[in-house]
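*Asks:* Starting from the known structure of chain A, arrange chain B on it as the hints suggest.
Number of protein chains: 2
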Amino acid sequence: MSEPLRVAIAGLGTVGSGTVKLLQQNAGALAGRCGRAIEITAVADPDRRDRGFSVESYAWYDDGVAMAREAPADVVVELVGGSEGPARRVADAALAAGRHLVTANKALIAHHGLELAGAAERASVHLGFEAAVAGGIPIIKSIKEGLAGNRCSRVYGILNGTCNFILTAMREGGREFQEVLAEAQVLGYAEADPTFDVDGIDTAHKLAILATVAFGCRPDLGAVHVEGIRHISPVDIAFAEELGYRIKLLGIAALTEHGVERRVHPCMVPAGAPIAHVNGVFNAVVVHGDFVDSLVQVGRGAGEQPTASAVVADIADIAAGRASPAFGVPLAALEDPPAVPMGRHRGAYYVRLMVLDKPGVFADIAGILRDNSVSMEAVLQRARAPGEAVPVVLITHEAEEAAVATSLAQIGGLSACTEEPRMIRIEPF
Amino acid sequence: MSEPLRVAIAGLGTVGSGTVKLLQQNAGALAGRCGRAIEITAVADPDRRDRGFSVESYAWYDDGVAMAREAPADVVVELVGGSEGPARRVADAALAAGRHLVTANKALIAHHGLELAGAAERASVHLGFEAAVAGGIPIIKSIKEGLAGNRCSRVYGILNGTCNFILTAMREGGREFQEVLAEAQVLGYAEADPTFDVDGIDTAHKLAILATVAFGCRPDLGAVHVEGIRHISPVDIAFAEELGYRIKLLGIAALTEHGVERRVHPCMVPAGAPIAHVNGVFNAVVVHGDFVDSLVQVGRGAGEQPTASAVVADIADIAAGRASPAFGVPLAALEDPPAVPMGRHRGAYYVRLMVLDKPGVFADIAGILRDNSVSMEAVLQRARAPGEAVPVVLITHEAEEAAVATSLAQIGGLSACTEEPRMIRIEPF
Numbered sequence: 128m129s130e131p132l133r134v135a136i137a138g139l140g141t142v143g144s145g146t147v148k149l150l151q152q153n154a155g156a157l158a159g160r161c162g163r164a165i166e167i168t169a170v171a172d173p174d175r176r177d178r179g180f181s182v183e184s185y186a187w188y189d190d191g192v193a194m195a196r197e198a199p200a201d202v203v204v205e206l207v208g209g210s211e212g213p214a215r216r217v218a219d220a221a222l223a224a225g226r227h228l229v230t231a232n233k234a235l236i237a238h239h240g241l242e243l244a245g246a247a248e249r250a251s252v253h254l255g256f257e258a259a260v261a262g263g264i265p266i267i268k269s270i271k272e273g274l275a276g277n278r279c280s281r282v283y284g285i286l287n288g289t290c291n292f293i294l295t296a297m298r299e300g301g302r303e304f305q306e307v308l309a310e311a312q313v314l315g316y317a318e319a320d321p322t323f324d325v326d327g328i329d330t331a332h333k334l335a336i337l338a339t340v341a342f343g344c345r346p347d348l349g350a351v352h353v354e355g356i357r358h359i360s361p362v363d364i365a366f367a368e369e370l371g372y373r374i375k376l377l378g379i380a381a382l383t384e385h386g387v388e389r390r391v392h393p394c395m396v397p398a399g400a401p402i403a404h405v406n407g408v409f410n411a412v413v414v415h416g417d418f419v420d421s422l423v424q425v426g427r428g429a430g431e432q433p434t435a436s437a438v439v440a441d442i443a444d445i446a447a448g449r450a451s452p453a454f455g456v457p458l459a460a461l462e463d464p465p466a467v468p469m470g471r472h473r474g475a476y477y478v479r480l481m482v483l484d485k486p487g488v489f490a491d492i493a494g495i496l497r498d499n500s501v502s503m504e505a506v507l508q509r510a511r512a513p514g515e516a517v518p519v520v521l522i523t524h525e526a527e528e529a530a531v532a533t534s535l536a537q538i539g540g541l542s543a544c545t546e547e548p549r550m551i552r553i554e555p556f
Numbered sequence: 128m129s130e131p132l133r134v135a136i137a138g139l140g141t142v143g144s145g146t147v148k149l150l151q152q153n154a155g156a157l158a159g160r161c162g163r164a165i166e167i168t169a170v171a172d173p174d175r176r177d178r179g180f181s182v183e184s185y186a187w188y189d190d191g192v193a194m195a196r197e198a199p200a201d202v203v204v205e206l207v208g209g210s211e212g213p214a215r216r217v218a219d220a221a222l223a224a225g226r227h228l229v230t231a232n233k234a235l236i237a238h239h240g241l242e243l244a245g246a247a248e249r250a251s252v253h254l255g256f257e258a259a260v261a262g263g264i265p266i267i268k269s270i271k272e273g274l275a276g277n278r279c280s281r282v283y284g285i286l287n288g289t290c291n292f293i294l295t296a297m298r299e300g301g302r303e304f305q306e307v308l309a310e311a312q313v314l315g316y317a318e319a320d321p322t323f324d325v326d327g328i329d330t331a332h333k334l335a336i337l338a339t340v341a342f343g344c345r346p347d348l349g350a351v352h353v354e355g356i357r358h359i360s361p362v363d364i365a366f367a368e369e370l371g372y373r374i375k376l377l378g379i380a381a382l383t384e385h386g387v388e389r390r391v392h393p394c395m396v397p398a399g400a401p402i403a404h405v406n407g408v409f410n411a412v413v414v415h416g417d418f419v420d421s422l423v424q425v426g427r428g429a430g431e432q433p434t435a436s437a438v439v440a441d442i443a444d445i446a447a448g449r450a451s452p453a454f455g456v457p458l459a460a461l462e463d464p465p466a467v468p469m470g471r472h473r474g475a476y477y478v479r480l481m482v483l484d485k486p487g488v489f490a491d492i493a494g495i496l497r498d499n500s501v502s503m504e505a506v507l508q509r510a511r512a513p514g515e516a517v518p519v520v521l522i523t524h525e526a527e528e529a530a531v532a533t534s535l536a537q538i539g540g541l542s543a544c545t546e547e548p549r550m551i552r553i554e555p556f
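Protein sequence lines correspond, in order, to chains A and B. Residue 153 in the numbering used here sits at position 26 of the first sequence, and the numbers go up by one each step. Residue 314 in the numbering used here sits at position 187 of the second sequence, and the numbers go up by one each step.
So here's chain A without its partners, still in its complex pose (with noise of 0.2 Å):
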């Protein structure tokens, strides 16, 4: 057996302590799966309280950078987190010293992936984020090496597990997102402040990320459309149920012949789609190849040993030798094909109007439509009160969004339209 991997850790939160753990208690198995053991030399946080596991044989240091820098050292694990700050530094003065550099930090790298990507392959050190997407779903490496053969053409999934739980409980409770979202706070699935997860970004993040390996893409967290899931009321999930459908806030990106599509939004999905099925925290990963076809993997997405165990396996391949370039190809080798704007998106979509119920409404919506060259599937009105309020759903044929998203200011300015028309969009998955 070679040399022990040596290995230090930045961040003892939930995922760098779920990683001391593992390589603790799975010690043995590792070593043997990767032919020479993995041994924690040092571990950094500036929080030196008691975590329940023995810490004595690693050098402690408060600062992650000065670990980075001098600790004894093949591998930096940066579990510190955020874009920029601390992370940041981290990340860079491990590939300055010339260390691997593993990470579950979705931010940093949709942010920075490039200029980290870049400094590792100058430093012949590896860059590893299994862990920055779908949690213990090993769906960077699957792309990467596991459909090595393939183009990909589309790949999409649920990548946040907080908006995942509480849009299964609202549908399942009929329960309004507020609700939902206080009661995923007191359970710790949503953050006190919920912005990164129920806006989009986290998604938008992990989507970035997924585009690149897939796609052999620059990465281009800019590019990314990115829709939250604050407006989804149980009004849309019980007519998406009677239609049908499931909403999903999904991260979705496409190469087309006109581009790269890269958009997080929530969507109608039929009931029927494995992608429907996947409730609660629980991810889901789907990816188009031209010769796998479609590969879907389910997963738990977040939480300490899930992460940790995607952590973990981009150690192990750089203890067996086996790890691959970052983003699947040199840099030198990614593709930059231009970005598709959302407004060239075409799709089906749904739209809720709360409307008068009075005669002549429907026309007025119905010239709007026709003049922007919307054409309706269906048109579905449930109750009928005359001179009040009502739900009018419109269903369209495929449509351009620009198109739909012109079509809905212009309804939405009807006088007998009382509140701002709701759009999902649904995929035909």
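Incorrect hints may appear among the rest.
Any copy will do: because identical chains look the same in the list, a pair fits if it lies in one copy or spans two.
[As the list claims (entries may be wrong)] In the EDC-like style, the derived pairs of lysine to aspartate or glutamate whose C-alpha atoms are separated by at most 20 Å in a straight line are: (1) Lys148 x Asp420; (2) Lys148 x Asp498; (3) Lys148 x Asp174; (4) Lys148 x Asp417; (5) Lys485 x Glu166; (6) Lys148 x Asp463; (7) Lys485 x Glu546; (8) Lys485 x Glu515.
In case anyone wonders, no lab produced these hints; they're calculated from the structure.
*Replies:* Chain B alone, transformed into the frame defined by chain A:
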């Protein structure tokens, strides 16, 4: 870039042809991902018919063994099929000549994987069989590398698309096994001799391989308990539906305190379990690891293109220098835990009897179960037809297989029991 990796392919049937097409069509992308080109140098097949792709630049051998021995190749790909005969001779010749071996042949690996891996280890070459299990799903890589940090306790799945197609069609159409089998044969989903598929043998091969990779134990095909789907009837499928279950043919391996359980048989799985929604020819594999919890992968388990995708994943790993040991660890590190005999299995059971509807029958049945320490959770009798045979369904609490088998033999001997009792194991996923 390094020298091209030279590949020789034995067997130009469906998968062989798909592999050639993939290596031709996606050569550029593959070279980018592997850091070197992958070049086919030779092919072997006794049938020289035109397959719709160019073979002019390849040396053509009628005899795969001669090709494996003589062709200028770094990797030999065995796509001949069958556990003995030509396939085995090609594999042996390739390894004896010091070439890497990639195969899609589950029978070969299930029967002779240990010897082949030993020969590969001695020759310092790689043995890859990603395509042998679950077609396009990169499950071998996911377990060996993506879940490297985990101790796996259970792996199970829908591993045979033919059986899943048949069971799905039986359920959706309320049809008989024989009728659907005939249709599957016409559609090309089932062989003229369907034994390997419908009697569970193909699933057993794949399960034996999965258990080895997941638990790091020596392959033991003989230890797999195997039952097929021929005796599944529309009556049982209807009862399953009523009870909230779906019937699937599963391969299940579990590492318990008593050793390794390996079993292939029809199961009733809860209608809400992810695997219950995997229909038609799709495959699914679920792995439980101590850190990742459960990971589900769903995809196409057979066919020219998905299987070629998996074959090429192995070739790509060899090209990139990142292939891992055949079973995840060096052979000497494989463990040999005892096999748990099927009689020791514990679980809940669905039992369907055809009994004469007359007083006292239930008392006899209940007495037999009590005497064998099998307790009942539910009894269902739908029809009443005094003096005639009616179906009666029993659901047991968790019981030992041996006790259930004894009970069923005794119940089957009752004069009121007009048919052999049918039993389907209930899996609580």
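*Asks:* Up to 20 Å between alpha-carbons, please classify Lys485 paired with Glu515: within, between, both or neither.
*Replies:* Within one copy, since 8 Å is at most 20 Å while 64 Å is not.
*Asks:* For the identical chains here, do Lys485 and Glu546 meet the 20 Å Cα criterion within one copy, between copies, both, or neither?
*Replies:* within (16 Å within a copy, 67 Å between copies)
*Asks:* Within a copy, between copies, both or neither: which one fits Lys148 and Asp417 at a CA-CA cutoff of 20 Å?
*Replies:* For Lys148 and Asp417, only the inter-copy Cα distance (12 Å) is at most 20 Å; the intra-copy one is 40 Å.
*Asks:* With identical chains, the pair Lys148 and Asp420 could be close in the same copy or across copies; at 20 Å between alpha carbons, which is it: within, between, both, or neither?
*Replies:* Close across copies (15 Å), not inside one copy (38 Å); limit 20 Å.
*Asks:* Within, between, both or neither: how does the pair Lys148, Asp463 come out at a Cα-Cα threshold of 20 Å?
*Replies:* neither (41 Å within a copy, 27 Å between copies)
*Asks:* Reference check for the pair Lys485 and Glu166, CA-CA at most 20 Å: within, between, both, or neither?
*Replies:* neither (74 Å within a copy, 71 Å between copies)
*Asks:* Can you tell me if Lys148 and Asp174 fall within 20 Å by alpha carbon in one copy, between copies, both or neither?
*Replies:* within (18 Å within a copy, 57 Å between copies)
*Asks:* Please sort Lys148 with Asp498 into within, between, both or neither, judging by C-alpha distance up to 20 Å.
*Replies:* Result: close neither inside a copy nor across copies, 62 Å intra and 48 Å inter.
Hint violations for this structure: numbers 2, 5 and 6, all remaining hints satisfied.
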